[in-house]
Amino acid sequence: MSTELSAVLNTFVGAVLGFAAAVFAEPLMRRLYRPKLELEFGNDPGCRVRTPEQVEQDSTHEADYIRIKVRNVKPAIAKNCSAYLVRVEKADDSGEFESTIYGDSIPLSWSCRGAQAYVPLNLPRGVVQFVDVVSTRSISTYFKPEIKPYPFSYDILFKQTGRFRFTVQVSGENVKPVFIKIIFVWSGEWDKYEASLG
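The opening residue of the sequence shown carries number 1 in our numbering; numbering runs sequentially from there.
In case anyone wonders, no lab produced these hints; they're calculated from the structure. Here the structure is a predicted model, which means the values were calculated and not measured. Any given hint might turn out to be false.
List time: in silico PhoX-like cross-link candidates among lysine-lysine, alpha-carbon distance up to 20 Å [what the hints assert, rightly or not]: (1) K36 - K69; (2) K79 - K144; (3) K159 - K192; (4) K192 - K90; (5) K36 - K181.
Just need the whole structure built from these sequences, with the hints factored in.
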């Protein structure tokens, strides 16, 4: 092969490789370094929280919150993250979970954020945030999914007792959605429930 042909071939190969690098390098880098969310539920004290609540100025009661832990494990900030209750199942008499009348994807609240509870938030690497999934109260025989809005059409479901399985999805901008299932066994007594990873 002549030196001239070799130089042309090398130039062509270099151009193709340079073009491929320009086209694919940035998407590949974004994919490799994009944020990654992890969800947990278990023995962490942040996953089950008892707290006093105030309804009126002189009226307080106790409440329990079942929460999932959300953490971004990659260096890039996970932007505009939101959590949604995407499925509610209930166990039948044989213990098998079946679909219910719940058919929405309704936002769940970020814990301890007051008026900003349902506003998407940014998650830097390693910072833990919690999502409220279900709460119970000493003044009620019903549990309350921490969704907003709360469609009254689901009252008939959320006023039942039994074994429920909640599927939660957390997603954000340029973040692969992640899912977790929580089993919640409700007897109608505010502090006699069970909650476990489903």
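Outcome of the hint check:
At roughly 14 Å between alpha-carbon atoms, K36 and K69 fall within 20 Å of each other, so this suggested pair holds. Proximity of K79 to K144 is assessed by CA-CA distance (about 28 Å); at most 20 Å being required, the pair is judged violated. Distance restraint check for K159 and K192: the Cα-Cα separation of roughly 15 Å lies within the 20 Å cut-off, and the hinted pair is therefore satisfied. Distance restraint check for K192 and K90: the Cα-Cα separation of roughly 18 Å lies within the 20 Å cut-off, and the hinted pair is therefore satisfied.
Restraint check for K36 and K181: satisfied, since their Cα atoms lie roughly 18 Å apart, inside the 20 Å limit.
Checked against the numbered hints given earlier, the structure breaks only hint 2 and satisfies all the rest.
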